[in-house]
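Undergrad: Please take these sequences and the hints and turn them into a complete structure.
2 protein chains.
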Amino acid sequence: MSAIRYELIKKCKQSGARLGRVYTPHGCFDTPAFMPVGTQATVKGMSPDEMKEIEAQIILSNTYHLHMRPGEDIVKEAGGLHGFMNWDRPILTDSGGFQVFSLSDLRDIKEEGVTFKSHIDGSKHFISPEMAIKIQNDLGADIIMAFDECIPYPADYDYAKKSLERTTRWAKRCKDAHRNPEKQALFGIVQGGMYKDLRQQSAYELLELDFPGYAIGGLSVGEPAEIMYEMLEVTVPLLPEDKPRYLMGVGSPDYLIEGATRGIDMFDCVLPTRIGRNGTVLTSKGRIIVRDAIYARDYTPIDPECDCYACRNFTRAYIRHLLKSGEVLGIRLTTWHNLRFLINLMKKVRQAIMEDRLLDFRDEFFSKFGYKKI
Amino acid sequence: MSAIRYELIKKCKQSGARLGRVYTPHGCFDTPAFMPVGTQATVKGMSPDEMKEIEAQIILSNTYHLHMRPGEDIVKEAGGLHGFMNWDRPILTDSGGFQVFSLSDLRDIKEEGVTFKSHIDGSKHFISPEMAIKIQNDLGADIIMAFDECIPYPADYDYAKKSLERTTRWAKRCKDAHRNPEKQALFGIVQGGMYKDLRQQSAYELLELDFPGYAIGGLSVGEPAEIMYEMLEVTVPLLPEDKPRYLMGVGSPDYLIEGATRGIDMFDCVLPTRIGRNGTVLTSKGRIIVRDAIYARDYTPIDPECDCYACRNFTRAYIRHLLKSGEVLGIRLTTWHNLRFLINLMKKVRQAIMEDRLLDFRDEFFSKFGYKKI
Chain A
445 MSAIRYELIK KCKQSGARLG RVYTPHGCFD TPAFMPVGTQ ATVKGMSPDE MKEIEAQIIL
505 SNTYHLHMRP GEDIVKEAGG LHGFMNWDRP ILTDSGGFQV FSLSDLRDIK EEGVTFKSHI
565 DGSKHFISPE MAIKIQNDLG ADIIMAFDEC IPYPADYDYA KKSLERTTRW AKRCKDAHRN
625 PEKQALFGIV QGGMYKDLRQ QSAYELLELD FPGYAIGGLS VGEPAEIMYE MLEVTVPLLP
685 EDKPRYLMGV GSPDYLIEGA TRGIDMFDCV LPTRIGRNGT VLTSKGRIIV RDAIYARDYT
745 PIDPECDCYA CRNFTRAYIR HLLKSGEVLG IRLTTWHNLR FLINLMKKVR QAIMEDRLLD
805 FRDEFFSKFG YKKI
Chain B
445 MSAIRYELIK KCKQSGARLG RVYTPHGCFD TPAFMPVGTQ ATVKGMSPDE MKEIEAQIIL
505 SNTYHLHMRP GEDIVKEAGG LHGFMNWDRP ILTDSGGFQV FSLSDLRDIK EEGVTFKSHI
565 DGSKHFISPE MAIKIQNDLG ADIIMAFDEC IPYPADYDYA KKSLERTTRW AKRCKDAHRN
625 PEKQALFGIV QGGMYKDLRQ QSAYELLELD FPGYAIGGLS VGEPAEIMYE MLEVTVPLLP
685 EDKPRYLMGV GSPDYLIEGA TRGIDMFDCV LPTRIGRNGT VLTSKGRIIV RDAIYARDYT
745 PIDPECDCYA CRNFTRAYIR HLLKSGEVLG IRLTTWHNLR FLINLMKKVR QAIMEDRLLD
805 FRDEFFSKFG YKKI
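For the protein sequence lines, the chains are A and B, in the order given.
One point on numbering: in this note's numbering, the residue at position 352 of the first sequence is 796, and numbering is uninterrupted.
One point on numbering: in this note's numbering, the residue at position 207 of the second sequence is 651, and numbering is uninterrupted.
Just so you know, these hints were derived from the structure itself, not from any lab.
Straight-line Cα separation of at most 20 Å, EDC-like style, residue types lysine to aspartate or glutamate; simulated pairs:
hint, chain 1, residue 1, chain 2, residue 2
1, B, Lys-496, A, Glu-497
2, A, Lys-578, A, Glu-521
3, B, Lys-791, B, Glu-808
4, A, Lys-792, A, Asp-807
5, B, Lys-496, A, Glu-494
6, A, Lys-496, B, Glu-494
7, A, Lys-768, B, Asp-565
8, A, Lys-496, B, Asp-493
9, B, Lys-768, A, Asp-565
10, A, Lys-496, B, Glu-497
11, A, Lys-768, B, Asp-517
12, B, Lys-768, A, Glu-521
13, A, Lys-520, B, Asp-742
14, B, Lys-455, B, Glu-677
15, B, Lys-768, A, Asp-517
16, B, Lys-520, A, Asp-742
17, B, Lys-496, A, Asp-493
18, B, Lys-729, B, Glu-749
19, A, Lys-496, A, Asp-532
20, A, Lys-768, B, Glu-521
TA: Dropping the structure here:
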């Protein structure tokens with residue numbers, strides 16, 4: 445029996461988007477869902493209590509980073525990720541593949557696995573699909589990911605095809621290596637570059653392996669938005685209705701809404717935490733750089749429409765002062781706000797699906813936020 | 445009428461220490477009290493809500509830093525420090541004198557005031573007693589401090605005498621410049637180096653100016669503990685019983701207890717926040733460097749006897765991982781714990797005074813903590 449179950453609650457008559465719920469060993473989460481990223485077993489700047497206050501229902505953590513530091517043996521001894529970081533709600537871990545390909549200087553990809561250098565001390569490491577699963581079994585997240593190759597954009601057709609076929613073989617090895625599928629649900633990852641037929645080939649191959657959920661990887665890697673949407677449009681319809689679909693690494697408000705309209709259930713991205721640390725915040729009227737001098741005497745909240753702790757208690761002038769002064773509370777408040785903003789956005793998306801008006805909501809949101817509709 | 449009132453509740457029969465309460469325009473605080481330091485209008489790493497959760501009753505902020513950034517005009521526009529940082533309990537600001545003498549590269553002390561270079565951009569500034577009060581009037585703290593010279597240790601007798609006499613003249617000018625004594629209580633600061641007769645001279649001179657409270661400055665600047673205690677013993681008995689006494693810049697557990705036994709009511713220090721950021725925590729059995737490798741697999745709390753958020757929810761192993769990984773939550777948790785530790789310590793000190801057993805408490809605490817009794 446699978447560790448998770450997806451319940452399809454309703455389809456939006458206007459857009460086809462799905463309202464649903466995923467049940468895991470650590471409780472359920474509503475979809476479409478945005479998953480904040482806690483790379484090193486902590487969502488940067490936030491405490492677990494604060495993550496609950498902003499109503500995060502599931503978070504993501506990174507296998508590569510935890511393998512490097514503190515090591516999965518320590519996390520396992522501490523009771524797995526849930527015990528180690530004191531988070532009792534669902535957790536998803538990625539496979540480490542993306543970091544191996546994006547963070548490490550030197551890498552050598554072979555059928556057996558990948559040799560790479562540590563981003564911390566330059567030491568040489570090897571990771572195989574079996575090892576990625578072993579590490580994730582030790583970390584103990586509710587949802588774990590197959591080890592895949594995330595190819596850069598642009599990539600030529602032959603390489604994209606060769607790579608996706610290896611990713612399929614790796615996915616099979618991951619499934620075979622997985623020790624406790626009744627406690628952790630292993631998702632396959634569709635690849636195939638920006639080629640429609642390769643995306644379809646990848647999806648068909650993975651479907652044969654019958655994973656409890658499917659991710660779409662290798663998108664939002666620099667390609668134009670239209671191409672990403674096209675790839676979603678050829679891939680999502682092939683995926684089973686009764687399993688969750690996860691678009692990896694996507695978290696800007698427009699992509700979240702556009703992804704949902706195309707049938708995506710889960711998203712993750714470092715965007716809200718990363719731009720927050722740099723002094724940029726999301727508001728209902730678009731992004732602002734609250735660190736800028738024009739906010740030095742602005743005694744209004746970041747977003748008057750927001751209900752987060754930062755917006756209920758502090759002004760742009762104060763937050764700017766904190767950021768300029770290098771104070772921790774500054775990045776805490778911008779991070780807190782940005783995460784709450786996206787979680788509220790997903791609540792509104794789910795409400796709009798319930799009301800069969802997600803396309804209307806998209807147009808209203810885009811117009812107010814300042815996005816151009818594609 | 446003074447902005448504050450000191451109520452002497454009880455004297456410890458064993459030690460002579462005072463249990464009391466100070467009433468301010470923003471509520472009262474119990475003494476002996478430890479005041480956490482929020483240099484730049486934020487206690488580093490903590491939110492105002494968290495400061496309330498640890499039961500901080502009063503905090504200190506630094507005039508020099510706020511004058512430099514964001515400037516007292518912005519703080520005033522935001523409703524004063526209380527409004528700017530969203531803290532509705534008592535605040536004390538120092539005069540900026542200590543920072544002018546300790547932080548700035550170049551300084552030129554004249555009777556009129558001090559010329560110094562900014563620690564931020566090296567720009568040249570001038571501050572006089574009148575300006576220090578004007579800035580503090582704009583910041584709007586409940587308790588403000590006279591502009592004084594804090595001389596280094598060691599200092600020769602002649603300089604110490606010349607300096608304290610100027611500090612007295614500056615104190616008079618501060619009093620004359622103070623615009624709203626009914627809303628902000630201005631404290632005088634006893635100086636005099638490590639010379640008993642100069643400490644007494646300083647106290648007598650300031651007493652004539654009839655301040656609503658008195659601080660003892662220029663101690664804990666590198667001198668042996670015995671000398672600091674001697675200076676307290678010749679100074680405190682001269683100070684009025686019906687006004688609070690504040691020992692500036694002191695915050696290690698031993699100094700807090702020893703200060704209380706000698707009749708001190710208020711203390712402040714960056715120690716708990718600063719050592720916390722460096723990975724050192726205070727426990728009932730002494731300091732530990734939780735960042736050290738020996739705690740990598742220590743799945744117990746920082747201090748099993750502590751009731752703080754960090755100790756209730758996280759292990760040394762996890763906090764060490766966060767600190768090693770440069771994660772904000774790591775320094776948040778060590779800071780949180782250290783502040784709560786000192787606030788709990790002061791609660792125990794007050795309880796011991798109530799029970800006429802502060803010297804016994806001191807011996808018990810020192811023995812467990814690992815201090816040698818002097």
